Amino acid sequence: MQESANNNVANSGYLEIISFHLGKQVFCVNIMSVREIRGWAPSTTLPHSPPHVLGVINLRGSVIPVIDMAIRLGLPAIKPTERSAIIVTNIAGKLVGLLVENVSDMITVNNADLQPAPDVLPAAERALTRAIIPVDEQMICYLDLDALFSTDEELAA
Amino acid sequence: MLISRKLPLAAALLTIMSIGVSSVVSLQIGSSAVNEKIVEKLEAVVDGRRNQLETFLANLQQDLTATSQNNLMRMALESFKYDWGFLGNDVTNELKRRYITDNPFPEGERQKYDTAKDPDVAKVSSYDQTHERYHAQLREMTESRGWEDFYLVDMSGNVIYSVNKNNDYAGNLRSEALKDTGIGRVFEGIVGANVTDSTVFADYTAYPAADGRPVAFMGHALNSQMGMVGVIIIRVPSGKIADIISNTSGLGETGETVLLNSQGYLISDSVRTPENDKLTVKVDSDLVAQANGSAVIVGTVDGYRNMEADVAMTGVKFDGADWTVAALIDQREAGASMVMMRNAILGIALLLLLGAIAVSTWFSRSMTKPIESLVENMRRLAEGDTSIELAGENRKDEIGEMVRSVAVFRNAAIEKVALEREADETRTQTEKRRQDRETAKAEETARMQQAVDALANGLHKLSEGDLTIRLNEPFIESLDRLRVDFNASVEKLNATLSDVSENILGINGDTGELRAAADDLSRRTEQQAASLEETSAALDEITATVKNSSQRADEATSKVAEAKQSTETSSKVVAEAIHAMGRIEDASGEISKIINVIDEIAFQTNLLALNAGVEAARAGEAGKGFAVVAQEVRELAQRSATAAKDIKGLINKSGEEVKSGVTLVRETGEALSLIAEHVSAINDQINSIATAAREQANGLTEINSAVNQMDQVTQQNAAMVEETTAVTHRLTSGAASLEGLVRQFNLTGSRSASVPVHATASGSAKQTASHRPAAGANGPASVSASTAGSRPVQSPARNMLKTVASAFGVGKSNNSTAASQDDWEEF
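Sequence lines, in order, name chains A and B.
For the first sequence, our numbering assigns the number 1 to the initial residue and increments by one for each residue that follows.
For the second sequence, our numbering assigns the number 1001 to the initial residue and increments by one for each residue that follows.
FYI, nobody ran anything at the bench for these hints, they're computed from the structure.
No experiment lies behind these values; they were computed from the predicted model shown.
Warning: the hint list may mix true and false statements.
Distance ranges between label pairs, derived from CB positions [what the hints assert, rightly or not]:
{"no.": "1", "chain 1": "B", "residue 1": "Lys1648", "chain 2": "A", "residue 2": "Pro47", "range": "22 to 32 Å"}
{"no.": "2", "chain 1": "A", "residue 1": "Val120", "chain 2": "B", "residue 2": "Lys1648", "range": "19 to 29 Å"}
{"no.": "3", "chain 1": "A", "residue 1": "Asp113", "chain 2": "B", "residue 2": "Leu1664", "range": "52 to 62 Å"}
{"no.": "4", "chain 1": "B", "residue 1": "Lys1648", "chain 2": "A", "residue 2": "Ala112", "range": "21 to 31 Å"}
Calculated lysine-lysine pairs in the DSSO-like style (CA-CA distance at most 27 Å, straight line) [what the hints assert, rightly or not]:
{"no.": "5", "chain 1": "A", "residue 1": "Lys24", "chain 2": "B", "residue 2": "Lys1648"}
{"no.": "6", "chain 1": "A", "residue 1": "Lys79", "chain 2": "B", "residue 2": "Lys1572"}
{"no.": "7", "chain 1": "B", "residue 1": "Lys1282", "chain 2": "A", "residue 2": "Lys79"}
{"no.": "8", "chain 1": "B", "residue 1": "Lys1593", "chain 2": "B", "residue 2": "Lys1547"}
{"no.": "9", "chain 1": "B", "residue 1": "Lys1081", "chain 2": "B", "residue 2": "Lys1041"}
Ideal Cβ positions, reconstructed from N, Cα and C, are used throughout, including at glycine.
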């Protein structure tokens, strides 16, 4: 899956992304890793879970974890509202829900517009950001979900 | 004439007069009432009949119009018309043979014959079949509506069907025989003039096909979409008209109602005559021509049914017919009750008269008999016979009084004879005593004459003014006292006149002073009157001013009341505005809720569109088109969300505006109530001003009356001064003449009256005459003392004037006050 996504980026000249807001920042993920977008619903908290893991929700019978993206990305926590959304993503074959402030747009960008993140962060943190996409004088941070997950695992371990 | 005849005669005359007059009056009132009653009854009857008739004719028209719109009529007409063509060359005679000549029913019942079809004959005419099909229905319709006959006519005038099969059946209405009859005219009136939407009517005329009886017809066109296809005609049901007209209820034994055509001929049979009157009998009167409107005309008619009749008529207008309904009643019948009444009244009058004569005769007898015997007795008493016997002295009526009076006369006559005898004896004794007294008297008279002569001489001297005379020779004893007293009187008179002469001098001096004082008083009174007049004028002006201000105050009060009313109305408006704004707030809340729902839907739609976009992207190339749609949906959803947000903002804004509006309105309301309170306060102020002005007006009225009283008193003073002056003048001249009189006497020891009295009188008279014109110049010298004495007291009127002037202080009144002050100064 991840391979195909990467291939997609490499092969075609265009990339389709879904952008969302966290505070004033705009982030985006590859549309191919998105399974579904849902309105916010309260989640069931798990014992001893790290702060960015909100809990689990029931998605048509299957139990999936929900991660607060703001905390995960080191931003001030957001308070979920009725207008917040959960982006259900498929990360390395697992379904994970990402709580975001709101989903803003679906954008098709040229691969040539992707720009590498500046080389000022530690490797682990820098791995989260795959590229920076400037759109209409706005900087969209293109997140690498696989890195997010793997780092997560590390943290959990 | 004797009283015994006069009394019954007068009673009879009075009875005849009163009964006669009342009988004549009641007869006249009765007859006019009866006449009015009859006329009213005739009017009511004729009006009722006219209304019935008009209703009936209108119904007839409606029936016919309704029938003409019946499809059955058109179907029957078309069928008969079609069959008419198959009846050979001589259709008229063929049909007349089949339905009149060969009709098994007698004339008058021919309608019962349903068809001439012979069931045994194989080939039947289609006309007979059609006749069989429609006849029963048409006959039933005709009978139920009371028409005398019913015809179907085609456009060329052929009577292709009739219910009753009279002699006009199967004829042609344009033929010579039928052209000028009523039915022919109706047909021409419809077809010739192409009248498709109303009935045409032919008035009663003699109709040959009905043996010359009068018949009226009414027709209506039969229309299809193509236009007129034929005509239906009916004979107007005379029987029903006759039922209406022949109703004689309430018209007595000779009265009836008749229906007349425009020439005055009867068109309904009279129920009062056995023979047929239709179109043969005529009511010959000008009233028929006049009764052509809806008004009821009343009059009399001669000659109809050989009677003189009261009649009421009115016109009936119907579709060209000009009919008149008349109600008649014989005047003899109308007058019958009058004759009965007259006979009854005359009978009663005669009975009353006989009774009155009998009673009056008996009564006069009872009175005249005792009077006759009394007259006989009185005649005898007059001849001197005092031996009469008087009967009825105990009666209590006037005759008893008369008898008693005659008895008094009789007794008086008896007493008189006795008295005359006594008087003769007394007269002879008295004559002798008188002659003795006369001789003694003559002696004494001669002695008295001497004394009287001496006294007369003395009195004569005295009358010439000589008061020096004295009588010294003594009189007879009885008269000597006279002489002594005479002398003493002359002495006393002499002394008195001397005193009078002295006193006259003193009086002359006093009157001069008195006259001067009176003149001064007169002048001052005149000045006072002038001042009072000015005061009165000033007061009038003040009164007018006060009245004016009082009116202004009243007007202001009414204006204030209006202002108050307006503020109250405004308060109501403010309350309503607040209420309305509250409703706007409620509505805004509702809208907000709806907007929230829309927002929610937009959000959900956005999510759905996003999901659709995700699915489309995952579908790759195949999902491209779907992705575009999803994008569009997302944009729509976003737009609705934005719009919802905008609306929300607007509604919040309007809510705030409403809130501030409510506050403003409330403030307005409070301001208005504040204004209302101020207005009430102003009202109270103005009311107190008005009250004050009224009180001022009352005070001024009182002042005015006080000034008027002062004026009157001044006038009286002036009059009195005039009188005093006159009296003073008279006194002066009186003193002069008194002095002249005294000087006529010749006094002993005379201190003769001095002449200067006369000179002073005339001098002061002259001075008075010159006083008046130059009062100011001459006056003060003589009256200065008294002026100085009376000056210090201030007049109350002047005080008041000063106060008023200072209150209404203007330059002019200051001047006038100053002027008046001058006057007072002069005073």
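Against the structure, the hints come out as follows:
no. : hint                               : verdict
1   : B:Lys1648 <-> A:Pro47: 22 to 32 Å  : violated (42 Å)
2   : A:Val120 <-> B:Lys1648: 19 to 29 Å : violated (43 Å)
3   : A:Asp113 <-> B:Leu1664: 52 to 62 Å : holds (57 Å)
4   : B:Lys1648 <-> A:Ala112: 21 to 31 Å : violated (42 Å)
5   : A:Lys24 <-> B:Lys1648              : holds (24 Å)
6   : A:Lys79 <-> B:Lys1572              : violated (51 Å)
7   : B:Lys1282 <-> A:Lys79              : violated (118 Å)
8   : B:Lys1593 <-> B:Lys1547            : violated (70 Å)
9   : B:Lys1081 <-> B:Lys1041            : violated (54 Å)
Hints 1, 2, 4, 6, 7, 8, 9 from the earlier list are contradicted by this structure; the remaining hints agree with it.
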